[in-house]
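Hey, can you work out the whole structure from these sequences and the hints?
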Amino acid sequence: MNQAQVKKWVRNIGVVSGLILVTACTSTAEDYAKSGDWNAVGYSDGIKGKQSRTAGDFKDFSKVNINDYADGYLKGINEYCNPNHAYQIGLSGNYYEGVCEGTPDSQKFRMEWQRGWNDSQLNN
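Heads up: the sequence shown is residues -29 to -1, 1 to 95, going by mature numbering (1 follows the signal peptide of the UniProt record, and there is no 0).
I should point out that these hints are in silico values taken from the structure, not numbers from a laboratory.
All values derive from a computational prediction rather than experimental measurement.
One or more hints might be untrue.
What the hints assert, rightly or not - Heads up, simulated SDA-like pairs for lysine to any residue below, C-alpha to C-alpha not over 25 Å straight-line: (1) Lys30 with Asp2; (2) Lys34 with Asp2; (3) Lys21 with Asp76; (4) Lys21 with Leu45; (5) Lys79 with Asp39; (6) Lys46 with Gln78; (7) Lys19 with Glu72; (8) Lys19 with Asp39; (9) Lys79 with Glu68.
See the structure below:
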């Protein structure tokens, strides 16, 4: 196996790992909301890089705890905004919604995400 093949293989493993992580989080936010686990709802949104929601976004649910949601969201965003994962997020074709702006590594995150995004477009 030459160096180019090894790099492609390693990149593909990273993409698959990233997709597994995102997939593991995708079907749970509504279930958490139904069970009243607002911290988990916030974490699920944050770890996927979604914009924060307001209490009005949850009008279909009773007893919304927006403070628990905000705490969970902050934990999720802190993990999502790690620039070491940004390239894989972009490479996986996941759109960046700007949720890391204002964080210490926001510029590095955005640059790494953009690099991954550009590479994902080349592979299409």
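Right, here's what the structure says about each hint:
Pair hint Lys30 plus Asp2 holds up; C-alpha atoms about 15 Å apart against a cutoff of 25 Å. Distance check on the hinted pair: Lys34 and Asp2 sit about 15 Å apart at the alpha-carbon level, within 25 Å; holds. For the given pair, Lys21 sits about 18 Å from Asp76 by alpha-carbon distance, which is consistent with the 25 Å threshold. A hinted pair counts as satisfied when its Cα atoms are at most 25 Å apart, and Lys21 with Leu45 qualifies at roughly 11 Å.
Straight-line distance between C-alpha atoms of Lys79 and Asp39 comes to about 29 Å, which puts the hinted pair past the 25 Å bound. For the hint linking Lys46 to Gln78, the alpha-carbon distance of about 20 Å falls within 25 Å, and the restraint holds. Among the hinted pairs, Lys19 with Glu72 is consistent with the structure: their alpha-carbon atoms are about 15 Å apart, no more than 25 Å. Restraint check for Lys19 and Asp39: the C-alpha separation of about 17 Å stays at or below 25 Å, so the hint holds.
Under the criterion of a C-alpha separation no larger than 25 Å, the hint pairing Lys79 with Glu68 is consistent with the structure, at around 15 Å.
Figure legend: structure checked against the earlier numbered hints; the only hint not met is number 5.
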